[in-house]
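J.: Chain order of the listed sequences is A and B. So for the first sequence, the numbering used here puts the first residue at 821; every next one is plus one. So for the second sequence, the numbering used here puts the first residue at 821; every next one is plus one.
Hints were generated in silico from the structure; no laboratory data involved. Hints may contain errors.
One copy or two, it doesn't matter: identical chains are merged, so the pair holds either way.
[Stated by the list, open to error] EDC-like cross-link-like pairs, simulated, lysine to aspartate or glutamate; straight-line CA separation at most 20 Å:
{"id": "1", "residue 1": "Lys1107", "residue 2": "Glu962"}
{"id": "2", "residue 1": "Lys1107", "residue 2": "Asp1087"}
{"id": "3", "residue 1": "Lys1107", "residue 2": "Glu1076"}
It should be emphasised that the depicted structure is a prediction, and the values quoted were computed from it without experimental measurement.
Protein chains: 2
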Amino acid sequence: MLILVINSGSSSLKYQLREVGPDGTEPAEPVIARGLVERIGVPGSGVDNHTEALEQVDAELEAVLAGRTIDAAGHRVVHGGERFTAPALVTMEVIRAIERLAPLAPLHNPAAAQGLRAIAEKWPQMPQVVVFDTSFHQSMPEEAWRYALPDALYTEHGIRRYGFHGTSHDLVTGMAAETLGIPRDQFDAVILHLGNGASATAIAGGQSVDTTMGYTPLAGLVMGTRSGDVDPSIITHLIRNGAYDAEQMDRLLNKESGLLGMTGHADMRQVVDNAHAGDRRARTALKVASYRLAKFVGGYHVAVGGARAVVFTAGIGENSAPFRAAVLDRLGPLGIAYDAEANLERSNAPRVISTADSAIPVLVVPTDEERAIAQLTLTVSQRHGAL
Amino acid sequence: MLILVINSGSSSLKYQLREVGPDGTEPAEPVIARGLVERIGVPGSGVDNHTEALEQVDAELEAVLAGRTIDAAGHRVVHGGERFTAPALVTMEVIRAIERLAPLAPLHNPAAAQGLRAIAEKWPQMPQVVVFDTSFHQSMPEEAWRYALPDALYTEHGIRRYGFHGTSHDLVTGMAAETLGIPRDQFDAVILHLGNGASATAIAGGQSVDTTMGYTPLAGLVMGTRSGDVDPSIITHLIRNGAYDAEQMDRLLNKESGLLGMTGHADMRQVVDNAHAGDRRARTALKVASYRLAKFVGGYHVAVGGARAVVFTAGIGENSAPFRAAVLDRLGPLGIAYDAEANLERSNAPRVISTADSAIPVLVVPTDEERAIAQLTLTVSQRHGAL
Ligand SMILES: Nc1ncnc2c1ncn2[C@@H]1O[C@H](COP(=O)(O)OP(=O)(O)O)[C@@H](O)[C@H]1O
Ligand SMILES: Nc1ncnc2c1ncn2[C@@H]1O[C@H](COP(=O)(O)OP(=O)(O)O)[C@@H](O)[C@H]1O
Chain A
821 MLILVINSGS
831 SSLKYQLREV
841 GPDGTEPAEP
851 VIARGLVERI
861 GVPGSGVDNH
871 TEALEQVDAE
881 LEAVLAGRTI
891 DAAGHRVVHG
901 GERFTAPALV
911 TMEVIRAIER
921 LAPLAPLHNP
931 AAAQGLRAIA
941 EKWPQMPQVV
951 VFDTSFHQSM
961 PEEAWRYALP
971 DALYTEHGIR
981 RYGFHGTSHD
991 LVTGMAAETL
1001 GIPRDQFDAV
1011 ILHLGNGASA
1021 TAIAGGQSVD
1031 TTMGYTPLAG
1041 LVMGTRSGDV
1051 DPSIITHLIR
1061 NGAYDAEQMD
1071 RLLNKESGLL
1081 GMTGHADMRQ
1091 VVDNAHAGDR
1101 RARTALKVAS
1111 YRLAKFVGGY
1121 HVAVGGARAV
1131 VFTAGIGENS
1141 APFRAAVLDR
1151 LGPLGIAYDA
1161 EANLERSNAP
1171 RVISTADSAI
1181 PVLVVPTDEE
1191 RAIAQLTLTV
1201 SQRHGAL
Chain B
821 MLILVINSGS
831 SSLKYQLREV
841 GPDGTEPAEP
851 VIARGLVERI
861 GVPGSGVDNH
871 TEALEQVDAE
881 LEAVLAGRTI
891 DAAGHRVVHG
901 GERFTAPALV
911 TMEVIRAIER
921 LAPLAPLHNP
931 AAAQGLRAIA
941 EKWPQMPQVV
951 VFDTSFHQSM
961 PEEAWRYALP
971 DALYTEHGIR
981 RYGFHGTSHD
991 LVTGMAAETL
1001 GIPRDQFDAV
1011 ILHLGNGASA
1021 TAIAGGQSVD
1031 TTMGYTPLAG
1041 LVMGTRSGDV
1051 DPSIITHLIR
1061 NGAYDAEQMD
1071 RLLNKESGLL
1081 GMTGHADMRQ
1091 VVDNAHAGDR
1101 RARTALKVAS
1111 YRLAKFVGGY
1121 HVAVGGARAV
1131 VFTAGIGENS
1141 APFRAAVLDR
1151 LGPLGIAYDA
1161 EANLERSNAP
1171 RVISTADSAI
1181 PVLVVPTDEE
1191 RAIAQLTLTV
1201 SQRHGAL
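Next comes chain A alone, as it looks inside the complex:
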């Protein structure tokens, strides 16, 4: 079967055309085509909106498809609010619900809805499934999702912790439990998704019980260009003294902070290289980022009632042995010991990098959100008899 996986950003559209068997098995090369439409809505780009972007995808796929038809489409949607606690088969009501959640993700949800409507019009028979960044975290207990703010901010503005990267945290949780031979519903762990965006999730009984991102993906860890947590007063002070307005502050925190703000580079590879070459700012940034992450691991070890695994994933988590080492070097107080050689080995398979006597196993598990979306699209479509 052919599944089209679509990831609509505010001004971009990434896609993969994937082959998957009706039982979920994949061929050796499951990705048949992939592509990226950029600068959507940017004057002069020739692509005015996500509907036109999908026309372009359609054209690009024609030769590849050679007459075959796409069986289903799976869409990554940033925000499912409190409405979506799992992936969903797309109906008009579902599209409208995604549009109604636009205040929570003003750049992303309307773009995703446009893509959904365009496909529903073009291929009305094709089942579509939406997979949300947030839905995996809807299992969090209230003490984890509530801010200590007046009720009205939650009841009137929907301000609460939602969490993101859910598809990845979910996938990696399952793979880590399987790797360790622990039934998922008994699996308590801390998952570290460290990409350009980064978040840690506390897993108890296989479910998300806390996560570092919050109302938006800004909160928590130090990221490529995002600050993560800062004293909230910093924002009100800089706005009140006239140094920044709210929009500039938003940009500063989301696009000009994190590794970029501290070192001039958003890319972890570059930061690690510069630190090795003696760059003081890069060294400081590595310390700040790894130290903050280590503290979250300690906090989530408490939150889950004692972790049975600490799991690294995503670009930095899978590939940066020096960054993993910087974090793990701090986790001795939890009884964690890692094997320096195993940490240096490169592989695409899930693997354990802790020593045999580590109180908590440490794993590296590659994530693959597109693969996860394709699988979910298949199972959700089948469950509804749409495939």
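Add chain B with the ligands to chain A, keeping to what the hints say.
T.: Frame of chain A, contents of chain B with the ligands only:
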């Protein structure tokens, strides 16, 4: 000797006149007089500024002093910036430095400086000592005090973690180490100062290496009226969509959030009582506050390389057995076990409330910032030959 301890708030001035021997020993009743001048600068209050407030204190003390003279004055000053790493004997240069730090504590530092100038004028011979909320935390390493923000925010605006409650954290650290018979310079611990304002401090080698308050006292734990940490985007979003301006947001986060925002009551006693009576909002607030605190304990256990004590202090920490229990019930993953009866006992003495087999001892240690300021005033004055 007589030492006047002065705590200048933005619109208030609290004082204690204390008796202390030249070697620091205290009589059974060291507080000879205490008082509070309120509504300073409020039209119609009759007290225009902190200079006039001190006139009033002088008048109130006349009868008590009965001709004796005050030997020294010790002032609590909120912000010592990076300039002050310890209490200091007051000179004109010191007063000017405190005034220059006003941008960091616009309500508090100018008031404190006024008090210092008034006393220096009235009693030019009297040694004065300033004790800072921040100075104890100047030992933090850079990975703890730096935010992941562009450098300019630090270099131009002084934006970094400063931390507060330092006098209390310092005092309680020393008392806890002594109670456990551990040399202070080998003492690694987590100190929980839980009053109306609340902060946790990570102690390594007897020194502060991290603390939950940040650039201002807003950050970190859930407090009486402060939110503690929130996703910074909440602020920019609510300002950008016009729901609040920066000043309103500042008030909301500092004065209308925390326990008050969640339950209608800022006072922990009331919140605990309401929770027992079945109030759902009060129960949620207790869970949010205790859960967040437990996570910080886990994080700081990692930060200090393995804590040798967890110490409760201040109004809530010393008096609220139910709140301590709610926190400690979550700390099993650190090997912490507490004695439910010992937790219920009331006492003014430092005491251990963990079981003999707890991996980390848990203590309750009463704080007394005024006593600490008086002691520091004595030793700093003596060291400079001013007493
Ligand atoms: N070999 C490597 N060493 C260190 N960092 C790496 C390596 N490969 C990728 N990364 C880092 O991974 C990050 C991107 O992760 P990724 O998961 O692709 O991000 P996204 O959040 O955009 O999906 C970048 O900071 C990049 O530098
Ligand atoms: N017996 C008690 N039980 C529970 N909370 C108490 C008790 N006594 C005092 N508190 C709480 O302590 C807090 C005030 O602490 P305190 O250290 O005096 O504050 P601050 O010095 O920061 O103003 C209040 O929330 C109050 O309810």
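J.: Decide, hint by hint, whether the structure agrees.
T.: Verification of the hints:
Proximity of Lys1107 to Glu962 under the C-alpha cut-off of 20 Å is restricted to the inter-copy arrangement: shortest distance 8 Å between copies versus 32 Å within a copy. For the identical chains of this complex, Lys1107 and Asp1087 are intra-copy neighbours only, at 15 Å inside a copy versus 38 Å across copies, given an alpha-carbon limit of 20 Å. With identical chains, the CA atoms of Lys1107 and Glu1076 are at most 20 Å apart within one copy only, with a shortest distance of 19 Å there and 35 Å across copies.
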